[in-house]
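**Q** Each residue of the sequence shown is one higher than the last, beginning at 1 in my numbering.
Hints in this document: simulated from the structure, not taken from any laboratory.
The beta-carbon is built from N, C-alpha and C at its ideal position, and this holds for glycine as well.
Watch out, some of these pointers could steer you wrong.
Unchecked claim - Capping the alpha-carbon separation at 27 angstroms, the derived lysine-lysine pairs in DSSO-like fashion look like this: (1) Lys186 with Lys426; (2) Lys256 with Lys419; (3) Lys186 with Lys419; (4) Lys186 with Lys256.
Claimed, not checked - Here are the in silico distance ranges between beta carbons for each label pair: (5) Ser393 with Leu355: 19 to 29 angstroms; (6) Arg53 with Pro95: 52 to 62 angstroms; (7) Lys388 with Asp312: 20 to 30 angstroms; (8) Glu45 with Leu67: 37 to 47 angstroms; (9) Ser342 with Gln433: 31 to 41 angstroms.
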Amino acid sequence: MSCTFDDIVAVSTPSGLSPKAIIKLSGKDVVRHVQKFFLSTDALEITDVDGFRSYFGSMHLEAEKILIPVSLYVMKAPNSYTREDVVEIHTFGSPPLLEMIFEALLLVGKCDDCQPSDNGEEVVIRIAEPGEFTKRAFLNGRINLAEAESVLRIIRAKTDSEFLLAVSRLRGITAFMNEVQGGLMKLCAEIEASIDFSDQDIDLISATRIESQLLSLQEKINTSIEKNCISRIPHDGVRTVFVGWPNTGKSSLFNKLSNYQKALVSSIRGTTRDVLESVVKWEGIYFCITDTAGMMYGEDELESAIRKRTLDSLKDAHIVLFVFDGSVGVCREEIEFLCSISSDNVIIVLNKSDLPQHREKKRRCLEMDNYSVVETSAQTGQGLDVLKDLMVSTVLTKSVDMSASGITFSLRQKIIIEKVREVVVKLLDSLHQEIGYELIAIDLRCAIDIVAEITGEVATEDILGMVFSEFCIGK
């Protein structure tokens, strides 16, 4: 597949001051356009390159009457990321300097000696849209849609673990989907061949064999969904929620872990009313910590709204930190609420260890086999390092499959693969009901088309827009 587009340009590095920045161009005329400004130290013409080559020299901006030292990297089609001619200009990361180069490149198509394009229109360079370089790589057949989504994950990775997961996705999803699609296509071909030769009394494939192949595909799909670690380390961090009764010290612990006084703290019951968030990083993992209002079971409208907001925060939590005041007696409602939380990753935080501890409450907390228990003091800082270590180990041992062979789906991909599973279940039912092979073949074709939505072989503009709009400009 090959597509023709305008020439595009964008800054590929983050905005702001930096020692180095990269301006990237892609399109059929970008090499010729850049040649107008580039003076090579070796007096070489960059238009003569085949494949890939690097150059050193300067950009001559006549309007500004300055020479800017640059390194130039030229990649000729199809040996580039977009499978078009690509030029990267590496220079100083000064915003005014980059703006000068940008303006010169955007104006180059309007100069008098520019050659018209194939359709007779004026050749211009325009600013790339978000994700357009990767979109061109997809449309020109360099990568499929699932790989494009993995590229976004790699770009957004903040830690080693997130990067490894993104690389795992890049390697694993396409291989897995090719295996599923290949199995469906092979089965469909055999069934359709059996239909073609049905008048010759030749049984090319039996119902038993069809069932065996469908069950094998079903098992592969079920296993992939069960092992899928979708969004367990999201872009904004592992969602960690403090919850508990009023005045247990949740906000004080939140401030300690956040390293600054973000939550208002007082001895007045119910001081915290709003949900507060703070992002922190420990052991290379980002945690988005949420402080919630203390649970209250009053009947007035405000307390009901506060309770609902706390419960809503728990729905999206990866880790729940249930805070008890260790200096007071046991509250039956606290224990009941703790047991009602469905999350597998609940850590009991027995706070206020600097005060005399209530023996019965401490004993009951320590006897809860299903939970890890940490004794802390927000006042002295005791136990906070233990709590951090426990949060990190919870992520690494329970929440994320760090193996290189793990398959991780995006939400879009997970929805599609579940549709395929539904079709396979329908096919097995049809087979048991002895429905004709013609109808089974139609459903198999449907499943094949659904799988193709993951790789982008079948893709609408809405799907492409949804995927590539999440990229930043220059990627």
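**Q** Evaluate each hint against the coordinates.
**A** Hint check:
A C-alpha spacing of about 18 angstroms is found between lysine 186 and lysine 426, which places the hinted pair at or below 27 angstroms, so the restraint holds. This hinted pair does not check out: lysine 256 and lysine 419 have alpha carbons roughly 45 angstroms apart, beyond 27 angstroms. At roughly 19 angstroms between alpha-carbon atoms, lysine 186 and lysine 419 fall within 27 angstroms of each other, so this suggested pair holds. Distance restraint check for lysine 186 and lysine 256: the Cα-Cα separation of roughly 59 angstroms exceeds the 27 angstroms cut-off, and the hinted pair is therefore not satisfied.
Evaluation of the 19 to 29 angstroms hint for serine 393 and leucine 355 yields a pass: the beta carbon distance comes to about 28 angstroms. Range check, arginine 53 to proline 95: about 29 angstroms between beta-carbon atoms, so the 52 to 62 angstroms window is missed. For lysine 388 paired with aspartate 312, a C-beta distance near 26 angstroms keeps the hint of 20 to 30 angstroms intact. The hinted range of 37 to 47 angstroms is not satisfied by glutamate 45 and leucine 67, whose Cβ atoms lie roughly 18 angstroms apart.
A hinted range of 31 to 41 angstroms for the beta carbons of serine 342 and glutamine 433 is consistent with their spacing of about 37 angstroms.
Against the hints set out earlier in the document, violations occur for numbers 2, 4, 6 and 8.
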